[in-house]
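Start from the sequences, fold in the hints, and give me the full structure.
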Amino acid sequence: MVALARTVVIPSKLGAAREAENELLEEVARCGYSETCLFAIKLAVEEAVNNAIKHGNKLDPRKTVSLTYDVSPERTVIVVTDEGEGFDPRCLADPTADENLEKPTGRGVMLMRAYMDEVSFNDKGNQVRMTKRRR
Amino acid sequence: MSTGSDDQLSTRVEHVGGAAVVRLRGSAGMREADLLGRELDQLMARPGKLLLLDMTELEFICSAGLGVLIRARGELRARGGRMMLAGLRPLVARLLETTRLTRLFEIYPTVDAALERLEQAGADD
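One line per chain: the protein sequences are A and B, in this order. In terms of our numbering, the first sequence opens at residue 1 and continues consecutively. In terms of our numbering, the second sequence opens at residue 1001 and continues consecutively.
Quick caveat, the hints were computed from the structure, so don't treat them as lab data. Heads up, the beta-carbon is just placed ideally off N, CA and C, and yes, glycines get one too. Do not take every clue at face value.
Below 25 Å or equal to it, Euclidean Cα-Cα: the simulated SDA-like pairs (lysine to any residue) are [as the list claims (entries may be wrong)]:
#1 A/LYS103 - B/ASP1041
#2 A/LYS58 - B/ARG1038
#3 A/LYS13 - A/THR64
#4 A/LYS103 - B/ARG1071
#5 A/LYS13 - A/VAL119
#6 A/LYS58 - B/LYS1049
#7 A/LYS103 - B/ARG1100
#8 A/LYS54 - A/ARG135
#9 A/LYS54 - B/SER1027
#10 A/LYS13 - B/LYS1049
#11 A/LYS58 - A/ARG90
#12 A/LYS103 - B/ILE1107
#13 A/LYS103 - B/GLY1067
#14 A/LYS103 - B/LEU1035
#15 A/LYS13 - B/ARG1025
#16 A/LYS13 - B/LEU1035
#17 A/LYS103 - B/VAL1016
#18 A/LYS54 - B/ARG1071
#19 A/LYS13 - B/ARG1100
#20 A/LYS103 - B/TYR1108
#21 A/LYS13 - B/SER1027
#22 A/LYS54 - A/PRO104
#23 A/LYS63 - A/ALA114
#24 A/LYS13 - B/TYR1108
#25 A/LYS124 - A/ASN22
#26 A/LYS103 - B/LYS1049
#27 A/LYS13 - A/ASP60
#28 B/LYS1049 - A/PRO104
#29 A/LYS103 - B/LEU1096
#30 A/LYS103 - B/THR1098
#31 A/LYS54 - B/GLN1008
#32 A/LYS54 - B/GLY1067
Selected chain A positions facing chain B (in silico; Cβ < 8 Å) [as the list claims (entries may be wrong)]:
#33 GLY15
#34 GLU46
#35 GLU47
#36 CYS91
#37 PRO95
#38 THR96
#39 LEU101
#40 THR105
Structure below.
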């Protein structure tokens, strides 16, 4: 079990995560991660937090999102948890299928999986844990 | 020329020939996607049918930003218009490949290449 270094609790508003996200990315940059890794981590965090706020908490201002991260020179671990009912990540449509290409939504989880080295959800489906190794 | 911006994303619109060229600068993340959507909506409310997005200075885009582009493309095509993307940075280009949106969008290496293609198409008409 990794000891996670920092937890930030964010209100269910899209703009609220900016400061926490910037602090996380500054720490990642300080640890010497490549531009490609920085892009991947920024993308994954944005997708996870956005999903948590919009789909998990359904923009309910009484609910919060927890962003926990631990950044080391070897790897970055990020855990995003919402207060929603959760979902089954196995039941998502493939956004890269021809019939889904013109749909404007539904790419978040696929992008997290494509850009991070490890992505897993808890049983309830309201928490995602992502790891990126430094390259 | 018109401009729009927040602290992460700025847009500047110029009209070149019959095309509206939108120069995007910065980051089109979750929080900026709404601004981008509003800018494109305003442009599409005008009579022109050609929209060229200059992404040379766009450093980042997430699924919400991509969703705005997909929606704009669909609305434009529905009324006989055309949307082109140009000057994608390598990381943004890779994102479009990962999502297979390279199959959806008309993509050019540079704005000049896109404008040249439009000129050729005009000459062919």
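Comparing the hints with the structure gives:
Pair hint A/LYS103 plus B/ASP1041 holds up; C-alpha atoms about 18 Å apart against a cutoff of 25 Å. Between A/LYS58 and B/ARG1038 the alpha-carbon distance is near 22 Å, which keeps this suggested pair within the 25 Å criterion. The suggested pairing of A/LYS13 with A/THR64 holds, with an alpha-carbon distance near 9 Å, which does not exceed 25 Å. The hinted pair formed by A/LYS103 and B/ARG1071 meets the criterion: a straight-line CA distance of about 8 Å does not exceed 25 Å.
Proposed proximity of A/LYS13 and A/VAL119 is supported: the alpha carbons are some 24 Å apart, at most 25 Å. Taking the CA atoms of A/LYS58 and B/LYS1049, the gap is near 36 Å; set against the 25 Å cutoff, the hint is violated. For the given pair, A/LYS103 sits about 12 Å from B/ARG1100 by alpha-carbon distance, which is consistent with the 25 Å threshold. For the proposed pair A/LYS54 and A/ARG135, the alpha carbon gap of about 32 Å is over 25 Å, so the pair is violated.
A hinted pair counts as satisfied when its Cα atoms are at most 25 Å apart, and A/LYS54 with B/SER1027 qualifies at roughly 20 Å. Taking the CA atoms of A/LYS13 and B/LYS1049, the gap is about 35 Å. The hint is violated against a cut of 25 Å. Restraint check for A/LYS58 and A/ARG90: the C-alpha separation of about 20 Å stays at or below 25 Å, so the hint holds. Of the pairs offered as hints, the one joining A/LYS103 and B/ILE1107 holds, with about 19 Å between alpha carbons and a cut-off of 25 Å not exceeded.
At roughly 8 Å between alpha-carbon atoms, A/LYS103 and B/GLY1067 fall within 25 Å of each other, so this suggested pair holds. Under the criterion of a C-alpha separation no larger than 25 Å, the hint pairing A/LYS103 with B/LEU1035 is consistent with the structure, at around 20 Å. In summary, the hint linking A/LYS13 to B/ARG1025 is supported, as the alpha carbons are separated by about 24 Å, within the 25 Å threshold. A C-alpha spacing of about 16 Å is found between A/LYS13 and B/LEU1035, which places the hinted pair at or below 25 Å, so the restraint holds.
For the given pair, A/LYS103 sits about 30 Å from B/VAL1016 by alpha-carbon distance, which is inconsistent with the 25 Å threshold. The suggested pairing of A/LYS54 with B/ARG1071 holds, with an alpha-carbon distance near 19 Å, which does not exceed 25 Å. For the hint linking A/LYS13 to B/ARG1100, the alpha-carbon distance of about 30 Å lies beyond 25 Å, and the restraint is violated. Taking the CA atoms of A/LYS103 and B/TYR1108, the gap is about 22 Å. The hint holds against a cut of 25 Å.
Under the criterion of a C-alpha separation no larger than 25 Å, the hint pairing A/LYS13 with B/SER1027 is consistent with the structure, at around 19 Å. Taken as a hint, the A/LYS54 and A/PRO104 pair is honoured in the structure, with Cα atoms around 15 Å apart against an allowance of 25 Å. For the given pair, A/LYS63 sits about 29 Å from A/ALA114 by alpha-carbon distance, which is inconsistent with the 25 Å threshold. In summary, the hint linking A/LYS13 to B/TYR1108 is not supported, as the alpha carbons are separated by about 36 Å, beyond the 25 Å threshold.
Restraint check for A/LYS124 and A/ASN22: the C-alpha separation of about 28 Å exceeds 25 Å, so the hint is violated. At roughly 21 Å between alpha-carbon atoms, A/LYS103 and B/LYS1049 fall within 25 Å of each other, so this suggested pair holds. With a CA separation close to 9 Å, the supplied pair A/LYS13 and A/ASP60 stays within the 25 Å bound. Distance check on the hinted pair: B/LYS1049 and A/PRO104 sit about 21 Å apart at the alpha-carbon level, within 25 Å; holds.
A hinted pair counts as satisfied when its Cα atoms are at most 25 Å apart, and A/LYS103 with B/LEU1096 qualifies at roughly 14 Å. Using a Cα cut-off of 25 Å, the hinted pair A/LYS103 and B/THR1098 holds, with the two alpha carbons roughly 15 Å apart. Between the alpha carbons of A/LYS54 and B/GLN1008 the distance comes to roughly 21 Å, so the proposed pair stays at or under 25 Å and holds. A C-alpha spacing of about 15 Å is found between A/LYS54 and B/GLY1067, which places the hinted pair at or below 25 Å, so the restraint holds.
Hint status for A/GLY15 relative to chain B: holds, with the closest Cβ pair at about 5 Å, below 8 Å. For A/GLU46, the suggested interface contact is upheld, since its CB lies about 5 Å from the closest CB of chain B, less than 8 Å. Here the hint on A/GLU47 is kept, as its CB sits about 6 Å from the closest CB of chain B, short of 8 Å. Checking A/CYS91 against chain B: minimum C-beta separation of about 18 Å lies over 8 Å; hint violated.
For A/PRO95, the interface hint holds, the least distance from its beta-carbon to any beta-carbon of chain B being 7 Å, beneath 8 Å. A cut of 8 Å between beta carbons decides the hint on A/THR96: the least distance to chain B is about 4 Å, and the hint holds. The interface hint given for A/LEU101 holds, since its Cβ lies 5 Å from the closest Cβ of chain B, which is under the 8 Å cut-off. Look at A/THR105: its Cβ gets to within about 6 Å of chain B, closer than 8 Å, so that hint holds up.
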